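Add chain B to chain A, keeping to what the hints say.
Residues per chain, in single letters:
Protein chains: 2
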Amino acid sequence: MNNNTKDSNSEKVFPSGEDLDGAQNILIIGAGLCGSLLALRLGQRGYNVNVYEMRPDLRKTDISAGRSINLAFSDRGNKAMKLVGIEDKVKELCIPMNGRMLHDKEGNTFLSNYSGRDYEYINSISRGELNGLLLTEAEKHENVSIHFNKKCKSVDFEKTTALFKDYHTKDEFIEDADCIIATDGAGSALRKSYYLEKKFLFSFSQDYLTHGYKELSILPAEDGGYKTYKNALHIWPRGDFMVIALPNLDGSFTVTLFLSYDEGEYNFNNLTTPEIVTEFFQKEFPDALELMPNLVDDFFENPTAPLGTVKCSPWHYKGNTLLMGDSAHAIVPFYGQGMNASFEDVVVFDKVLNTHKEKGWETVFSEYERVRKPDTDAIADLAIDNFHEMKDHVANPIFQEKRKIEMALEKNFPEGYSSKYSLVTFNEDIGYRKAMLRGRAQDKAILNMLADGVISTEDDIKDILDKVKTETEAILEDDRIAGLH
Amino acid sequence: MNNNTKDSNSEKVFPSGEDLDGAQNILIIGAGLCGSLLALRLGQRGYNVNVYEMRPDLRKTDISAGRSINLAFSDRGNKAMKLVGIEDKVKELCIPMNGRMLHDKEGNTFLSNYSGRDYEYINSISRGELNGLLLTEAEKHENVSIHFNKKCKSVDFEKTTALFKDYHTKDEFIEDADCIIATDGAGSALRKSYYLEKKFLFSFSQDYLTHGYKELSILPAEDGGYKTYKNALHIWPRGDFMVIALPNLDGSFTVTLFLSYDEGEYNFNNLTTPEIVTEFFQKEFPDALELMPNLVDDFFENPTAPLGTVKCSPWHYKGNTLLMGDSAHAIVPFYGQGMNASFEDVVVFDKVLNTHKEKGWETVFSEYERVRKPDTDAIADLAIDNFHEMKDHVANPIFQEKRKIEMALEKNFPEGYSSKYSLVTFNEDIGYRKAMLRGRAQDKAILNMLADGVISTEDDIKDILDKVKTETEAILEDDRIAGLH
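Residue numbers (full-length UniProt numbering), protein chains in the order written: chain A, 1 to 485; chain B, 1 to 485.
The following block holds chain A by itself, in its conformation from the complex (with noise of 0.2 Å):
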């Protein structure tokens, strides 16, 4: 093992070796976003690191339809672009997005911006190239390796080793560590160990909605442009289900149909054939559907995916093994922080690394989910809350008024007010829990004198700034007296 570390491009990349004091081999279960990003920052710190990942390299192999599977990038994930000291080559793969464009059935469209400061936006990145970058960056430390087609089956925590499959060979193998941090994402392998040895109490949920997704797509025009407007996330949102639009590096758009399994006149049990499939979208996205002549072939090639949300604790086992990213906290996608969030694990842990790492790694571990824990529960039922936002209240007038009157407090007074939206996708420095009780207290507020004649939106706006304020306080005020939170 070697201490150097050959990237220098961190400014906060500490001396090499200074961690490792401490356990010095760490082996990380997955090398997806969370697992290359854990394994770049850990390759900084000058810790021995070995990642295993069940898949093939994505960088060698063509996996086609993995290539333009987007994401929403904000300011929580790239703050830990920054720690890690990547913003700029990360930056040159965003599409930046200003705001929702949302369309109606006769296809007039509206864009809703995310926020009243212009500089505030989210991005649209490819998972497969974002990805690639992490793990190229992690790969430039000698102390990283990275070993692909090998799944891990299951955890012994008591002994800190992890069961593979090698899936070239088959041959099955045993590998120990200091300790070992999963990153395998919703289906854990540890998780699962931890659920079915019963050795201690695991709290634990896995909440299906009643909807599932599926992927379509809108192929770039014949110039190589974009069929429609490229910096929005387009949204048709139609009361018990929606499509959503993020666009592509390459002139294409990934679009997401999310619908009912069984209720509803059209649902996924019953688009069984292509011209029902055709008759839906007609009548209900005409203009998405005369942007996709491939929708038939689409929607039966790609699968049909349900949209689940897991909870759990205690995350870690003593200081011998850790989950992280979505195998702690996998959230659905509808307030597009899923990556954000495990991004944001890792500053996190990075910090309490900082604070505790004499203490040993129990300490670390324990301390890490005593202060994330909150948040990520708390961005979890965020984004089910967006849920019905998106495909419902984004329509519904009163909610739009609200969000009018919050785009005039927010360009008004930019220091002064920041919406729901704005605090959990824009302020990297409050927590999702923080963001969330005061986001939906403002929330309430607006939607209650809004409802009550309190304020219009014709009211002075320093007036409305005032008021809200003023009922928002009250609101977390009343709840603190009740012992609501």
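Mixed in with the good hints, there may be bad ones.
Identical chains blur together in the list; that is why a pair holds if it fits in one copy or across any two.
What the hints assert, rightly or not - DSSO-like mimics (lysine-lysine), calculated; alpha carbons at most 27 Å apart, straight line: (1) 192 x 151; (2) 151 x 311; (3) 198 x 170; (4) 318 x 214; (5) 462 x 434; (6) 214 x 198; (7) 214 x 199.
Derived from the structure by calculation, the hints contain no laboratory data. Note that this is a predicted model, so its numbers are computed, not measured.
Positioned in the frame of chain A, the structure of chain B alone reads:
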């Protein structure tokens, strides 16, 4: 199979054989409180019922440890006893508890009634005696058979068969039925099959509190009487932990210590010697210790058990299998509603059968879950609320003022006001969810008006009633507008 019902106690017994058009053979897994009541009711309705229970027949076996275990029995449970016509027999097993008897550290006691209405109280009842009565009543029906010492290992919900192991012969055997209803408690074999088979999207959660519990006892006085006040649920609230005691018919009390596993000065992990256990009780519960010379023996003989909440969905697979009682919704014991909720399941199921049985089991099961699950989710959350209320809030001045006001409201306006506790416990015709929403809004209204000086315990009681009602409605309306319910 014979359709005669030998029991004619119930006014609501159906004409024998009425339900026999549908599936006739019902297999029930588990002959605990819920399973034996369900068997009795389905027997009364004329179904051919076979019940399989893993334990021996508790009427014939001397399970001494189980003899004195008691439970809170109240109006929702009693509604089920009325349905099956055994209300009077159950009443003989009941010890009324009119309120909470609070014990402070100095041994002072304070009786806080459960209701301002004299005729509203809860009861302490022996689990074993009640279960035995239900078994005996069920077995009076020729069409009901109960098989003991047969443990269910798994359920094939596609084939509607269950695999059992006979504890005597060690043989394994398979039984089939027209439908299978699992009332096999928090560790349900059917629920485990739903979870592990992964044949459909199964939402599931198990959540443990940081606290566990241990059962202790206050033995009868030498003359066979009670060593402390009989007609109350005794509580020693200490903020982070508590002791409670419920009376038994033989003059003893079953005592339960609720304590953290690993937090605080004293916890289950460090109470490891007779000296430290005695020191803990001497310091925190001196008056209880005086009544328990047997404390140390009880403490080290009895196990420490965890406190968990289980929720899941769906409860049924097609028309083949259904979860009922704790197998579908295990809750913590702090509202005294676990048994009552499971009994109420049978009442709700019976009502759904009345309306939907012609449409077949799938409709019955799915309609039953639709109407019932919001209420069992609510009582699960309420039970956790009450954990904090019992160990902490009951000793908190503002909560005591609220309680005082609510007692006065109930006394002065017996038809006009019911506290959250009364709504949950004594209003069996209001669902748990409605009781929770209204009860929480009332609590919030009173606590905030007390904190803001809008009301005080000295005010005119009619004035207080009007203010509480107005503020409660405003809170419910604000939440409705904000989309919170």
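Is it within a copy, between copies, both, or neither that the alpha carbon of residue 192 lies no farther than 27 Å from that of residue 151? Classified as both: same-chain Cα gap 14 Å, cross-chain 26 Å, threshold 27 Å.
Checking residue 214 and residue 199: alpha-carbon separation at most 27 Å within a copy, between copies, both or neither? between (38 Å within a copy, 20 Å between copies)
How would you classify residue 198 and residue 170 at a CA-CA limit of 27 Å: within, between, both, or neither? For residue 198 and residue 170, the Cα distance is within 27 Å only across copies (25 Å; inside one copy 29 Å).
Same-copy or cross-copy closeness of residue 318 to residue 214 [CA-CA at most 27 Å]: between (40 Å within a copy, 25 Å between copies)
Please sort residue 214 with residue 198 into within, between, both or neither, judging by C-alpha distance up to 27 Å. between (36 Å within a copy, 20 Å between copies)
Quick one: residue 151 to residue 311, C-alpha cut-off 27 Å, is that within a copy, between copies, both, or neither? within (23 Å within a copy, 31 Å between copies)
From the Cα coordinates, with 27 Å as the cut-off, is the pair residue 462 and residue 434 best called within, between, both, or neither? within (24 Å within a copy, 40 Å between copies)
This entry satisfies every hint, going by the numbered hints stated previously.
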